[in-house]
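Engineer: Please put together the full structure from these sequences, using the hints given.
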Amino acid sequence: MRLHTLTLQPLQIPFKTRFKHSSAERTVTQSVLVAARTDSGCVGLGEGCPREYVTAESIASAERFFAIHHNDLINTVHSIADLRQWTESHAAPIEHNPAAWCAIELALLDALAKEQHQSIEYLLDLPELSGPFRYTAVLGDGPLETLTSQVQQYAALGFTDFKVKITGDPSLDNAKYGALHTTVKNPRVRLDANNLWSKPDQVLAYLDAISINPSALEEPLQALDHTGLNTLAAQQPVQLILDESFLSQAHFAAIEQRPESFIINLRISKMGGLLRSLSIARMAAQKKIPLIIGAQVGETSVLTRAALCIANICGDALIGQEGAFGTLLLERDITDQPLTFGKNGLLAIDQLVSSAYGLQIAYALKNIPALQDE
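For the sequence shown, counting from 1, position 275 maps to 321 in the numbering used here; every step adds exactly one.
What the hints contain is simulated information worked out from the structure, not anything from laboratory work.
Note that the coordinates shown come from a computational prediction; the quantities given were computed from them, not determined experimentally.
We put the CB at the ideal spot given by N, CA and C, even for glycine.
Don't take every hint at face value.
Here are the in silico distance ranges between beta carbons for each label pair [claimed, not checked]:
1. N232 to H297: 57 to 63 Å
2. D171 to G214: 43 to 49 Å
3. E134 to A331: 20 to 26 Å
4. D85 to T228: 56 to 62 Å
Restricting the straight-line Cα-Cα distance to at most 27 Å, the calculated cross-link-like pairs of lysine-lysine (DSSO-like) are [to be verified]:
5. K231 to K245
6. K412 to K62
7. K62 to K245
8. K231 to K389
9. K389 to K62
Structural biologist: The following block contains the structure:
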């Protein structure tokens, strides 16, 4: 493969509704899109979601990383072997710029696979997608009326697996749990605390005060407080999901004493791309640590599709999959055939263009400003 151009642009797509997170509130996506065009005319796209509160990245830092390595990548990466070698030799800068690298790597993988008339799975020696893939319903920390409406919508679609973002106030949260259990029979519920507490005792008090037994609890303590997380894990039976507290393969060492107590939330952008995510998924399987294939809010179909590569190989180790909102959440996607979940939270692989190569997405160039004039 010979690259003709490699470009990066901020990707700001309006949300259909304002999205609130404990660390941020947004009306548009905060992502970067990389386009790799080869001399033969193949176009590969990659997406990354820099987040200050997750990996200390921003759009500006992604642009700087891209500018530094742009020429070297064009001159060096001509094959999957070249890409693997570049990734290994630049592990340190990638560690500090995982979302930026994720966008670059996915674009290169997409282009490489298209050049060779292969799917991304074939390029990476992975099994072809078999699907369908089942997604989790996500309930925000808004007013009870909003949550009740969301629960009813999810219930109408047949969802039974729920992730609930909590306030930390047992009275408020118990009202949410009541609304959920009133509408959905025997829901499977995991909670997302978004780093609410600073001490294990505070978490224990909350768990004693709520009306449900959650299947798991995500990020109850401050990010990367592995000492506190291990202490908490030893004091109660609920498995702890690590998101902001698990950013790279190095973090396996922090949970090796009690691996059975933890679940890893694997988000490709956060982990620094597909190759690094595959390595983490394989190591988690060896250590018998379950996975949730997570998603950043505002992902387009590019990251949704890339995540299927991981979910497809996890088997019973996969206990949840998040994302696939597409134009249910965004005003537009980068394709006119966005990958979105449907009835029962299922995403069928027939939403992909089976005759296409790479990520098997038919890109809508009108939605990609950098490619409109090419």
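Engineer: Okay, E134 versus A331 on CB: inside 20 to 26 Å?
Structural biologist: Check passed, 21 Å falls within 20 to 26 Å.
Engineer: Is K389 within 27 Å of K62, Cα to Cα?
Structural biologist: 21 Å, holds
Engineer: Against the 27 Å threshold, does the CA-CA distance of K62 and K245 hold or violate the hint?
Structural biologist: At roughly 37 Å apart (the allowed maximum being 27 Å), K245 and K62 break the hint.
Engineer: With respect to the beta-carbon atoms only, verify the hint that D85 and T228 lie 56 to 62 Å apart.
Structural biologist: 60 Å, holds
Engineer: If you draw a straight line from the CA of K231 to the CA of K389, is it 27 Å or shorter?
Structural biologist: 17 Å, holds
Engineer: Taking 27 Å as the top limit, are the C-alpha atoms of K231 and K245 close enough?
Structural biologist: Answer violated: K231 to K245 is near 34 Å, above 27 Å.
Engineer: K412 and K62 were given as a pair; does the straight-line alpha-carbon distance stay at or below 27 Å?
Structural biologist: Measuring from Cα to Cα gives roughly 19 Å; hence the hint holds.
Engineer: Okay, D171 versus G214 on CB: inside 43 to 49 Å?
Structural biologist: Hint holds: Cβ distance 45 Å, inside 43 to 49 Å.
Engineer: Is it true that the C-beta distance of N232 to H297 lies inside 57 to 63 Å, as the hint says?
Structural biologist: For H297 against N232, whose Cβ atoms are near 34 Å apart, the range 57 to 63 Å is violated.
Hint compliance for this structure: hints 1, 5 and 7 are not met, and every other hint is.
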